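Note that the protein sequences, when read in sequence, are chains A and B.
Mapping the first sequence onto the numbering used here, position 114 (from 1) lands on 114, and the numbers just tick up by one.
Mapping the second sequence onto the numbering used here, position 229 (from 1) lands on 1229, and the numbers just tick up by one.
Some hints here could point you the wrong way.
[Said to hold, decoys possible] Only pairs whose alpha carbons sit at most 35 Å apart, straight line, appear in this in silico DSBU-like list of lysine-lysine:
| # | chain 1 | residue 1 | chain 2 | residue 2 |
| --- | --- | --- | --- | --- |
| 1 | B | K1259 | B | K1185 |
| 2 | A | K115 | B | K1185 |
| 3 | B | K1259 | B | K1190 |
| 4 | A | K140 | A | K115 |
| 5 | B | K1259 | A | K115 |
| 6 | B | K1259 | A | K15 |
[Stated by the list, open to error] Just some of the chain B residues that point at chain A, by a computed CB distance under 8 Å:
| # | residue |
| --- | --- |
| 7 | W1011 |
| 8 | G1030 |
| 9 | S1031 |
| 10 | D1033 |
| 11 | A1034 |
| 12 | V1035 |
| 13 | E1037 |
| 14 | P1039 |
| 15 | A1056 |
| 16 | H1059 |
| 17 | A1069 |
| 18 | V1070 |
| 19 | A1073 |
| 20 | G1256 |
Quick caveat, the hints were computed from the structure, so don't treat them as lab data.
For clarity, every value in this text was computed on a predicted model and none was experimentally measured.
Where is the CB? At the ideal position from N, CA and C, for every residue including glycine.
The chain contents come next:
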Amino acid sequence: MTLPDGVERRSFGEKEGLATRGEPVYGEPTDGAWRRWDPRRSKLGAMLENGMETGLSGGETVLYLGAAAGTTVGHVADFASPTYAVEFAARPARDLLSVAESRRNLFPLLKDARKPETYAHVVEPVDALIQDVATRGQAKVALANRRFLREDGRLLMAIKARSEDVTADPDAVFETVLGSLEDGYEILETGPLAPFHEDHLAVVARPR
Amino acid sequence: MTDRRSPSTGWFAGIDPGDPEAAAGAIRDGSGDAVREWPQVAVESGAFDSEADYYAALHDATVTATRAAVREAETADDRQLIHSVRAMDDCERVANELAERVAEWAGSRREDAGTGVDYAGTLAGEDDAAEPLVSLARRVCDLDDEAASLRAHVQRTAPEVAPNLSALAGPVLAARLVALAGGLKDLARKPSGTIQVLGAEEALFAHLRGHAPSPKHGVIFVHEAIQGTSPEHRGSAARALAGKLAIAARIDHYTGDRKPELDAELEERIERIRERETE
Ligand SMILES: C[S@@+](CC[C@H](N)C(=O)[O-])C[C@H]1O[C@@H](n2cnc3c(N)ncnc32)[C@H](O)[C@@H]1O
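Excised from the complex, chain A in its bound form:
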């Protein structure tokens, strides 16, 4: 597994971990220009930490769905090129703003990811579609946003079982979501996000 350019493994005091270069945003440890990327606070960080083949090489164009306060998307903008961050809740978007202010290539959009037509006049075709929306209908969101993904692009997605159905067996939920995803994507790799996040399944896919 190779890390994208701009992401490195570095030591912070006792601990070693992933890091990117940029303004610190959530009180994370820093080392010069580098700041620690905590996989416990980031699904994408956990995917990289777990050695999944994300296809990210650095410098790509990214559409990020479910940006929340910008914890992960801030790291993404540190190593990617134009990064569009969609979040529909106003409260976390306030923190996302401060992450975006120090990153000229990060474009916050207070929009509903289920309605891509409300940002199609802004978002250009992207190399990576990263999704962490933790809401019911996660496959539908990925399918609706497929239009932004280049033919050779990658979907990187964290599926949260409890968001679809709190009572169902997580494996059954993953099965269903993957099944729906296959309507528009070819699944390349899946893997758990443990030990950093429980009951999540990470997916790497490409549009078909």
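Got chain A sorted already, so can you dock chain B with the ligand onto it with the hints?
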């Protein structure tokens, strides 16, 4: 505004690139069907000299649009909260006033007349709805139900608008403080000494009109941190509480992040104040 642009034009079409407000409006209200290489389109159409210029304008426009939307959403939320807590207080006050009227009226006709909203509840259960007294008692019960459902609504929404303030003060008191200050932003700007006496002005006017004792405390006086402290130390408790509430209001306004450590800090302060009593 959506119709202003044809479906496959970018957010920048027909917009003065030097006007971030207009650009932000186009980001927020526009829409599109086709996904296109917007930076390239923007440069080719002559809207921008270079992709670097394009991205710089896009950054300003998206940040401006998001900031405006965040501010609007939050303002709308605290306005709604203020309306609901005021409506709740109105319903409770009117229910109590009418219940007094019901009790007085009933007292003129029945040996066993009681008082208060509960008595109105008993009366309302009687069959004779044509009887004006029973009918009025039913109105009291309806108002009391309405007050209860408004209270539940306040309890549900206050933590969304002001998570830390609600955790420290309880949702209803938090909503009252926001209402008395005129909004979360206004509360966040008040020094703790002002927060300590918020609500006392109203009581002061009532006092001057001659129907209330002289007020020493604001609405925070009902808080357990003060009520549970012996009278001689209540001043210190009120100061400590107001101080923490001021911090909570500021965090709620400026970030909205929940900081559970505030709860523990308040508890500790109050404990220390109460320990003095036993010395
Ligand atoms: C688990 S959090 C994301 C955390 C974030 N990706 C990070 O690692 O920093 C999920 C976010 O998705 C947002 N979300 C859920 N449904 C959405 C939708 N339809 N459109 C946009 N955002 C959505 C939620 O408001 C929430 O902030």
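Verification of the supplied hints:
The hinted pair formed by K1259(B) and K1185(B) meets the criterion: a straight-line CA distance of about 18 Å does not exceed 35 Å. Among the hinted pairs, K115(A) with K1185(B) is consistent with the structure: their alpha-carbon atoms are about 32 Å apart, no more than 35 Å. Taking the CA atoms of K1259(B) and K1190(B), the gap is near 20 Å; set against the 35 Å cutoff, the hint holds. A hinted pair counts as satisfied when its Cα atoms are at most 35 Å apart, and K140(A) with K115(A) qualifies at roughly 11 Å.
Restraint check: the Cα-Cα separation between K1259(B) and K115(A) comes to about 33 Å, which is no more than 35 Å; the hinted pair holds. In summary, the hint linking K1259(B) to K15(A) is supported, as the alpha carbons are separated by about 26 Å, within the 35 Å threshold. At its closest, the beta carbon of W1011(B) sits 5 Å from a beta carbon of chain A; the interface hint therefore holds under the 8 Å criterion. Hint status for G1030(B) relative to chain A: holds, with the closest Cβ pair at about 5 Å, below 8 Å.
The interface hint given for S1031(B) holds, since its Cβ lies 5 Å from the closest Cβ of chain A, which is under the 8 Å cut-off. Taking 8 Å as the C-beta contact cut-off toward chain A, the hint placing D1033(B) at the interface holds, the least distance being around 6 Å. Interface restraint check for A1034(B): the shortest CB-CB distance to chain A comes to about 7 Å, inside 8 Å, so the restraint holds. Residue-level restraint check for V1035(B) holds (minimum Cβ-Cβ distance to chain A is 5 Å; threshold 8 Å).
For E1037(B), the interface hint holds, since its Cβ comes within 8 Å of a Cβ in chain A; the closest pair sits about 6 Å apart. Annotation: P1039(B) was flagged as interfacial toward chain A, and the flag holds, the nearest CB pair being 6 Å apart, inside 8 Å. Annotation: A1056(B) was flagged as interfacial toward chain A, and the flag holds, the nearest CB pair being 7 Å apart, inside 8 Å. With 8 Å as the threshold, the beta carbon of H1059(B) comes within range of chain A, its nearest partner Cβ sitting at about 5 Å, so the hint holds.
The beta carbon of A1069(B) is positioned within 8 Å of a beta carbon in chain A (closest approach about 5 Å), and the interface hint is therefore held. For the restraint placing V1070(B) at the interface with chain A, the shortest Cβ-Cβ distance is roughly 5 Å, inside the 8 Å limit, so the hint holds. Interface restraint check for A1073(B): the shortest CB-CB distance to chain A comes to about 3 Å, inside 8 Å, so the restraint holds. The interface hint given for G1256(B) holds, since its Cβ lies 5 Å from the closest Cβ of chain A, which is under the 8 Å cut-off.
The structure shown violates none of the earlier numbered hints.
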